[in-house]
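J.: Below, each chain spelled out in residue letters.
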Amino acid sequence: MALFGRTDLPIQKNAASRFIQWLVMVLVFMAAIAATVNAYTGSLLAHWNRSVTGTLTVQVPAPMEKPGKPNDVPKDVAAVLGVLKIHPDVLRVEAVPRAKVVALLEPWLGSGEAVSDLPLPALVDVALKPGTDTRGVTDAIMKAAPTALVDDHRVWLNRVGNLAEGVGMIALALMGIIAAALGLTVIFATRASLAEFRDVIEVLHLVGARDDDIAGQFARRALGQATAGGLLGLALYAPTLGVIALLARRVDTSVLPNVGLPIAHWALLASLPIVAGVLAMGAAHVTVRRALRTMV
Amino acid sequence: MALFGRTDLPIQKNAASRFIQWLVMVLVFMAAIAATVNAYTGSLLAHWNRSVTGTLTVQVPAPMEKPGKPNDVPKDVAAVLGVLKIHPDVLRVEAVPRAKVVALLEPWLGSGEAVSDLPLPALVDVALKPGTDTRGVTDAIMKAAPTALVDDHRVWLNRVGNLAEGVGMIALALMGIIAAALGLTVIFATRASLAEFRDVIEVLHLVGARDDDIAGQFARRALGQATAGGLLGLALYAPTLGVIALLARRVDTSVLPNVGLPIAHWALLASLPIVAGVLAMGAAHVTVRRALRTMV
Amino acid sequence: MAFNRKKNKPFEGDTVALDTVDLSYDGATPVLSAVNLALPQSSFHFLTGASGAGKSSLLSLLYLAKRPTAGSLKLFGEDVTGASRNKLAGLRRRLGVVFQDYRLLDHLSAFDNVALPLRIARVPEAVVTQDVTELLKWVGLAEQMDAHPPTLSGGQKQRVAIARAVVNRPKLILADEPTGNVDDTIAVRLMALFVELHKLGSSVVVATHNESLVSRFPFPRLHLDGGRLTLLPPLKPAASILGEG
Amino acid sequence: MAFNRKKNKPFEGDTVALDTVDLSYDGATPVLSAVNLALPQSSFHFLTGASGAGKSSLLSLLYLAKRPTAGSLKLFGEDVTGASRNKLAGLRRRLGVVFQDYRLLDHLSAFDNVALPLRIARVPEAVVTQDVTELLKWVGLAEQMDAHPPTLSGGQKQRVAIARAVVNRPKLILADEPTGNVDDTIAVRLMALFVELHKLGSSVVVATHNESLVSRFPFPRLHLDGGRLTLLPPLKPAASILGEG
Ligand SMILES: Nc1ncnc2c1ncn2[C@@H]1O[C@H](COP(=O)(O)OP(=O)(O)OP(=O)(O)O)[C@@H](O)[C@H]1O
Ligand SMILES: Nc1ncnc2c1ncn2[C@@H]1O[C@H](COP(=O)(O)OP(=O)(O)OP(=O)(O)O)[C@@H](O)[C@H]1O
Ligand SMILES: [Mg+2]
Ligand SMILES: [Mg+2]
Chain V
1 MALFGRTDLP
11 IQKNAASRFI
21 QWLVMVLVFM
31 AAIAATVNAY
41 TGSLLAHWNR
51 SVTGTLTVQV
61 PAPMEKPGKP
71 NDVPKDVAAV
81 LGVLKIHPDV
91 LRVEAVPRAK
101 VVALLEPWLG
111 SGEAVSDLPL
121 PALVDVALKP
131 GTDTRGVTDA
141 IMKAAPTALV
151 DDHRVWLNRV
161 GNLAEGVGMI
171 ALALMGIIAA
181 ALGLTVIFAT
191 RASLAEFRDV
201 IEVLHLVGAR
211 DDDIAGQFAR
221 RALGQATAGG
231 LLGLALYAPT
241 LGVIALLARR
251 VDTSVLPNVG
261 LPIAHWALLA
271 SLPIVAGVLA
281 MGAAHVTVRR
291 ALRTMV
Chain H
297 MALFGRTDLP
307 IQKNAASRFI
317 QWLVMVLVFM
327 AAIAATVNAY
337 TGSLLAHWNR
347 SVTGTLTVQV
357 PAPMEKPGKP
367 NDVPKDVAAV
377 LGVLKIHPDV
387 LRVEAVPRAK
397 VVALLEPWLG
407 SGEAVSDLPL
417 PALVDVALKP
427 GTDTRGVTDA
437 IMKAAPTALV
447 DDHRVWLNRV
457 GNLAEGVGMI
467 ALALMGIIAA
477 ALGLTVIFAT
487 RASLAEFRDV
497 IEVLHLVGAR
507 DDDIAGQFAR
517 RALGQATAGG
527 LLGLALYAPT
537 LGVIALLARR
547 VDTSVLPNVG
557 LPIAHWALLA
567 SLPIVAGVLA
577 MGAAHVTVRR
587 ALRTMV
Chain B
593 MAFNRKKNKP
603 FEGDTVALDT
613 VDLSYDGATP
623 VLSAVNLALP
633 QSSFHFLTGA
643 SGAGKSSLLS
653 LLYLAKRPTA
663 GSLKLFGEDV
673 TGASRNKLAG
683 LRRRLGVVFQ
693 DYRLLDHLSA
703 FDNVALPLRI
713 ARVPEAVVTQ
723 DVTELLKWVG
733 LAEQMDAHPP
743 TLSGGQKQRV
753 AIARAVVNRP
763 KLILADEPTG
773 NVDDTIAVRL
783 MALFVELHKL
793 GSSVVVATHN
803 ESLVSRFPFP
813 RLHLDGGRLT
823 LLPPLKPAAS
833 ILGEG
Chain W
838 MAFNRKKNKP
848 FEGDTVALDT
858 VDLSYDGATP
868 VLSAVNLALP
878 QSSFHFLTGA
888 SGAGKSSLLS
898 LLYLAKRPTA
908 GSLKLFGEDV
918 TGASRNKLAG
928 LRRRLGVVFQ
938 DYRLLDHLSA
948 FDNVALPLRI
958 ARVPEAVVTQ
968 DVTELLKWVG
978 LAEQMDAHPP
988 TLSGGQKQRV
998 AIARAVVNRP
1008 KLILADEPTG
1018 NVDDTIAVRL
1028 MALFVELHKL
1038 GSSVVVATHN
1048 ESLVSRFPFP
1058 RLHLDGGRLT
1068 LLPPLKPAAS
1078 ILGEG
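Residue numbers (the numbering used here), protein chains in the order written: chain V, 1 to 296; chain H, 297 to 592; chain B, 593 to 837; chain W, 838 to 1082.
One chain only, chain V, in its complex shape (with noise of 0.2 Å):
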């Protein structure tokens, strides 16, 4: 029979150390959230950015600008897309197609009738090849058709992708925030079960128990509630996770677009509860060591 592992602390059913589980519980559901929203707002950026690095948009001036010459513009759009075609540092060169434009332009102009016959710009997509650089194509483009516009996307996607950042950031800060809580968390219920088990804890060393064995009880305990409470935290994660991804779904997908997680973002959610017993006990083995140097 093991004394050291079992009986000689009351330890195991006090309020402190139920305590300690359930918090555990409410902060590691917390940790699971903001890390999701991080993990979310990452993979939106890493989305936003493969689906616009390494792309330009050519713009072409609309055919009936000038109303004398109502040819010119398919022969400037037929000159980039043939430079293009050529170029090394392309990979894919597609026009778009004037129904996708009038689609694009639809929230300002409408879609009425009237839409459909406007003079609208040809737009020609432009994929290039990975890590190759934008000045080269514009300057061809550019020599193609001089009145060509091309955009690649870098004010809008750091536009958004502040915001995203944002966001991420204060998830972060929200996880340190928590961990910090954790940590305060154990100390202050390792105070409270040595203020109560004072007298026990004295009445052992009398009896020649060592300050290992005794320190070793507190942390062996904040182990095992706060793992427990960790893992009790993962199953409200659960649910909770379901439910907001049911939210996400009403709102349009253009603005949260149904990017998977990576699975580094999984495996630190399931090491939440390791992370948190693991941290639990190192607090409460130092609280619980520093306390018994200043006791009998």
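These are computed hints drawn from the structure, not numbers from a lab. Keep in mind that the hints are not guaranteed to be accurate.
[Said to hold, decoys possible] Derived Cβ-Cβ restraints for the label pairs, each shown as a range: (1) V:46 x H:539: 45 to 55 Å; (2) V:278 x B:818: 55 to 65 Å; (3) V:184 x W:849: 43 to 53 Å; (4) V:266 x H:390: 52 to 62 Å.
Predicted, not measured: the structure shown is a model, and the values here were computed from it. We put the beta carbon where it would ideally sit given N, CA and C, even for glycine.
Chains H, B and W with the ligands: place on chain V using the hints.
T.: Coordinates of chains H, B and W with the ligands only, in the frame set by chain V:
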């Protein structure tokens, strides 16, 4: 010298009571953040609603769509303006200057010389009198200019509104969780105190103290600690809000407009420490009364 | 020493009346069975019996920490069965107990521990100061008034416990082994305190193992054996009481 | 009763050696001053003195709960000044203490309380069961083995405390008022336990107020008065020892 108010339970400086204080600090801090997010999304929705409800945008197709009749459209615009200026439901009406239309289209069409020559549709902004339906005005416009398009911004508002409402709901749910966490914390901390002071309480009973005297002490302690913790939480919240506002300013104001928060929000924030205190007091009182009934 | 405060609420009849009281902790083996006991006002009894005989248990019935498993218990003329918790608190304020394990409050000084019953009864602080000081001097703790129990010796704690029990000048004093940790000189001095209160009208019960102490005082003995309570005559003849008090 | 386990680690010289030891709690008034004391192996001493004289304080130096303000303290031949905490724990395992206030663990049964020193020393459980059971029977608690301290009477707790102090067959036994809550019959039986251990080679110190107990045994007295320790001869002449043990 008042006995019950100071000296007969050593609860002022025990671990549990300091614990309540800092945990309430964290909870109130998070509640304040959540309340702010909720109020901000509310204000944002109201802001959008206000700037959009009771307004219409009338779009009159571009002048050159039919090359044969180059002067059709100014007539249509004039007709629309004429009808609206005398319509009883209309508060204000104005033609959008071409420069502003160009600016609106800039993200889509670029800003080169080519665009400035584009045949753009004419836009008319209409403000309706509060409480009037858009239908009558729309009918009048369509009669005056059958090719006009009337947009009351509903689709867009609904789309973004959904998102903002979702965020607000999550913030509210968070506040609910926080309130529950606060109650549970106080209950657990009080139980820990009760366990720690069980002997003291028993002695007090045995020398004639009443349950109310003892429960009152715990409740007063909880009130004080939670209120103090709440004030600390607000003290932490103020600079945090400043930092977030700073971060938000880096984001485009079209994405996060600088809307003011309602006075009720600040009142709610100011009341958080009191709410926390009262909640804590109630939880402590009930917990102690129930526990005492099982004691000597 | 003088007890100069207003008298407790008066009552009719015996201070304590037990009628065929049983007490058992686990519901099976009774610690007390069919105990009848009437303590008149201004009485003095020793309570004797082997270790584990049930002396402390009987006292805990009287100070209302336990309830009889069967039978009825009247205190100060009032039946405690079904009394409210506030009512019990009121009754407890009228008695004083020296617990076998003292039960002092470690976070209060000796002075504040003794003052506790007075403060709970909302006695004016001037009276508290005077009474407590006088009493602590009597039990030989003038030097230790501001010391906290963890810094007191065993015998000092016991004396603080006795002072706390009698400071309110209660009508019923229950003392459980009150002199187990002091030497004979102090023991006699402490007994004199109980005897004085007894003469002033309090009923006193002193549970003790100390046969030499019992044999010095002419008071009847309540003896517990096998759960039964019997009344035995004083070990010292009553005639010599004047030489003691 | 038989103590059938392996002997404690042997050592040279006196079990306890105090050299001009001072002890004061507040840095000012000394509780002990210039105390010299040598307890040889297999000795037996009473420790007497008025309440508050410093008996418990002296014992707390010996069981390493307090450190001397001045002077040196040797235990089992080792100087404790500057010893590590683990070293102190090791020394404490070789002595047994009956605390004046028992210090039992309320959440453990009487059996587990007594078993505690053995389990901390990692004694095999079979031995623990046998030794603890035998010892609890000897002190008259065969019925109360599974009871927790809060459900024990004062005298029963005191006997559990004594059993815990001697179960490890320590080389030094320190007993602080070990018979204050039991009657004389049990007191003599408990003293017999200490005497047997003393005969088997342990050094024993019994602090007590109980003069009648002291006068029954032919052991020298350490007397504390005004912080000074003096060695007094036995109250009972040594010749009669055979009639007692
Ligand atoms: N709370 C309790 N639960 C269960 N059993 C108890 C409880 N309190 C006391 N007992 C048992 O009741 C019996 C009587 O105990 P009590 O404390 O009344 O004895 P006592 O006469 O005061 O003994 P002592 O002189 O040793 O103090 C003992 O056997 C004890 O173990
Ligand atoms: N931790 C402490 N802090 C301060 N003073 C203390 C402390 N412990 C004991 N004292 C004081 O030291 C003196 C001696 O106390 P000690 O407990 O050694 O006496 P004792 O001889 O055991 O008395 P008793 O017979 O009453 O148990 C007392 O006056 C006591 O108040
Ligand atoms: Mg008793
Ligand atoms: Mg002592």
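J.: Confirm or reject each hint.
T.: So, going through the hints one by one against the coordinates:
1. For the pair residue 46 (chain V) and residue 539 (chain H), the supplied restraint of 45 to 55 Å is violated, since their beta-carbon distance comes to about 26 Å.
2. In this structure the hint that residue 278 (chain V) and residue 818 (chain B) lie 55 to 65 Å apart at CB holds, the actual value being about 59 Å.
3. A C-beta distance of roughly 52 Å is found between residue 184 (chain V) and residue 849 (chain W), which places it inside the suggested range of 43 to 53 Å.
4. Look at residue 266 (chain V) against residue 390 (chain H): about 55 Å separates their beta carbons, and that is inside 52 to 62 Å.
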